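S.K.: Given chain A's structure and the hints, the job is docking chain B onto it.
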Amino acid sequence: MMNVRDFALVAFTILSQMAVGSMIVLGIVHFFAIRKAGMQEADRLSDQILPAIGIVLGAALVVSLTHLGSPLNAPLAILKLSTSWLSREILFTVSFFVVGAIFSFMQWRSLSSFAVRNLVAWIAAILGLMQVFSMSHIYMISTEPAWNSIATPISFFTTAFLLGSLAIGTAMVLNYNINRRKDQKCAEVQCGLLRDSLRWISIAAIVLLGVEVVLAPLYVTSLAAGATTAAESASLMLNQYGLIFAFRLVLVFIGAGILGIFIYRNALSPGREKILGNLTYSAFALVFIAELMGRFLFYATHIRLGLF
Amino acid sequence: MSSQLAFHVDLSSCTGCKACQMACIDKNDLELGQRWRRVYEFTGGDWVKMGNAYINSVFTYFTSVSCQHCEDPICVNVCPSGAMHKREDGIVLVDTQKCLGCRYCEWACPYGSPQYNPTLGKMGKCNFCYDLIDAGGKPACVEACPMRALDFGPLDEMVARYGDLRDPAPLPISSITHPSVIFTPHRNTYPAGSNEGQIANKEEV
Numbered sequence: 000m001m002n003v004r005d006f007a008l009v010a011f012t013i014l015s016q017m018a019v020g021s022m023i024v025l026g027i028v029h030f031f032a033i034r035k036a037g038m039q040e041a042d043r044l045s046d047q048i049l050p051a052i053g054i055v056l057g058a059a060l061v062v063s064l065t066h067l068g069s070p071l072n073a074p075l076a077i078l079k080l081s082t083s084w085l086s087r088e089i090l091f092t093v094s095f096f097v098v099g100a101i102f103s104f105m106q107w108r109s110l111s112s113f114a115v116r117n118l119v120a121w122i123a124a125i126l127g128l129m130q131v132f133s134m135s136h137i138y139m140i141s142t143e144p145a146w147n148s149i150a151t152p153i154s155f156f157t158t159a160f161l162l163g164s165l166a167i168g169t170a171m172v173l174n175y176n177i178n179r180r181k182d183q184k185c186a187e188v189q190c191g192l193l194r195d196s197l198r199w200i201s202i203a204a205i206v207l208l209g210v211e212v213v214l215a216p217l218y219v220t221s222l223a224a225g226a227t228t229a230a231e232s233a234s235l236m237l238n239q240y241g242l243i244f245a246f247r248l249v250l251v252f253i254g255a256g257i258l259g260i261f262i263y264r265n266a267l268s269p270g271r272e273k274i275l276g277n278l279t280y281s282a283f284a285l286v287f288i289a290e291l292m293g294r295f296l297f298y299a300t301h302i303r304l305g306l307f
Numbered sequence: 000m001s002s003q004l005a006f007h008v009d010l011s012s013c014t015g016c017k018a019c020q021m022a023c024i025d026k027n028d029l030e031l032g033q034r035w036r037r038v039y040e041f042t043g044g045d046w047v048k049m050g051n052a053y054i055n056s057v058f059t060y061f062t063s064v065s066c067q068h069c070e071d072p073i074c075v076n077v078c079p080s081g082a083m084h085k086r087e088d089g090i091v092l093v094d095t096q097k098c099l100g101c102r103y104c105e106w107a108c109p110y111g112s113p114q115y116n117p118t119l120g121k122m123g124k125c126n127f128c129y130d131l132i133d134a135g136g137k138p139a140c141v142e143a144c145p146m147r148a149l150d151f152g153p154l155d156e157m158v159a160r161y162g163d164l165r166d167p168a169p170l171p172i173s174s175i176t177h178p179s180v181i182f183t184p185h186r187n188t189y190p191a192g193s194n195e196g197q198i199a200n201k202e203e204v
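Line by line, the protein sequences are chains A and B.
Going by numbering that gives the first Met the number 0, the letters in the first sequence line up with residues 0 to 307, in that order.
Going by numbering that gives the first Met the number 0, the letters in the second sequence line up with residues 0 to 204, in that order.
The following block holds chain A by itself, in its conformation from the complex (with noise of 0.2 Å):
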């Protein structure tokens, strides 16, 4: 059922996703920030990881790429927006690519007042949700039983949001330790919204956890008790890959869920900033590689209706 190009398709949707997640979650932090310390701190807390998120969607974009056997004819891709789905998700993705693009830039060199660019982040986000909805739209056709459901977006918008938080917190431990060497003053603020930031990102990741973990036995419940096609992915999932199954639950359990609770009591208070960085690159981590398990069993596991 597996195929190399379907590798391609993890790690693109994977990838975009995140960068989406990330997108919106810095731009909440950002917003928090700016009420608690001013506009400087704020800036200083988030403006060098918005580059970060390009590169990340950059990347997720040259992989697609790969799965394409003729990809010089990528650009013909949007011409059926009337029709397809995929149109719509490549439109958005680069959509969401160019306006963050413009939104970085005009943050960097403070270009223009504050209340345009914060349309322009306004608009990247909404794009990006948008890259979601239609990415979770391309799956969700009436000869795929496995992918045709509601189980699709709700699992696609938990990935962007839980990677995309953890993405933001270890960003910003990384951040912090690059300010903290060259300037030791802001060092205590920046301490300061680190840690209430991270607070919020482990509740965030614990929530979504909970999604995952309560949507995983719903869906494959509901594939078994459908039709034939639907239930042999049940099969599938629970036996050829029951294995990948349990362990990416396990590891998103422990990243999210346990590491999650550490890190929450961790940044309570201060001083504890090296384990507190350690935890939150750990947690990051082990959520990466279980999402990446996750949709593996996605493409996987879908059966299609019909003859072969």
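Keep in mind that the hints were calculated from the coordinates and are not lab data.
All figures in this text were calculated on a predicted structure; none of them were measured in a lab.
Treat the hints loosely; a few may be bogus.
Stated by the list, open to error - Heads up, simulated SDA-like pairs for lysine to any residue below, C-alpha to C-alpha not over 25 Å straight-line:
#, chain 1, residue 1, chain 2, residue 2
1, B, Lys-85, A, Leu-78
2, B, Lys-85, A, Gly-68
3, B, Lys-97, A, Leu-78
4, B, Lys-85, A, Leu-8
5, B, Lys-85, A, Leu-75
6, B, Lys-85, A, Phe-307
7, B, Lys-97, A, Leu-8
8, B, Lys-17, A, Leu-75
9, B, Lys-201, A, Ile-302
10, B, Lys-201, A, Ala-230
11, B, Lys-85, A, Ala-230
12, B, Lys-201, A, Thr-228
13, B, Lys-85, A, Tyr-138
14, B, Lys-85, A, Thr-228
15, B, Lys-97, A, His-136
16, B, Lys-85, A, Ser-81
17, B, Lys-97, A, Gly-68
Stated by the list, open to error - Among the chain B residues that face chain A by a calculated CB cut under 8 Å, a handful are:
#, residue
18, Ile-73
19, Asn-76
20, Gly-111
21, Met-146
We put the CB at the ideal spot given by N, CA and C, even for glycine.
M.R.: Okay, now just chain B, sitting in the frame of chain A:
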């Protein structure tokens, strides 16, 4: 659509010789692994108790399947570039100039009709031998059938002549894409989704 072209397959006379499949490979010069027309062998049966005796109810029939040139083709609906399109006479074609080789149509089509050609990096599929038809001829598969089990013509004409069976097992239910292929049933033909038999020649299709 009155101008929809359609195939007719007579399951009651098909012997499963695969001359249509070979003629298709020959006419279109298909590479190894490309099978735009395939013949599925649907087989079933069991021992059935009748009075004091057990008799068998074994059956097999052959279903020649190519692109169904559907009235509502899901491959055309999902294609992002418009490479997969429907001609005025209802033939579903791939414009290889526009094809990306993303293989989305392959995920969508319930008949396994669009097939990826790794050499070209493009999709290929049954084109109804439109070059032969445009010149007043017949598709290679129809011409080759020694049992005269294959026919083609306008859909309404085929329906008037042969009835309206479009989804004998092992084909999927016709309501998904409204295929333009009419079947004459074999005496053991079961409807789509039937568990009475199974495809016996999976390695051949």
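S.K.: Run through the hints listed earlier and report the numbers of any the structure violates, in increasing order.
M.R.: 4, 8, 11, 14 and 21
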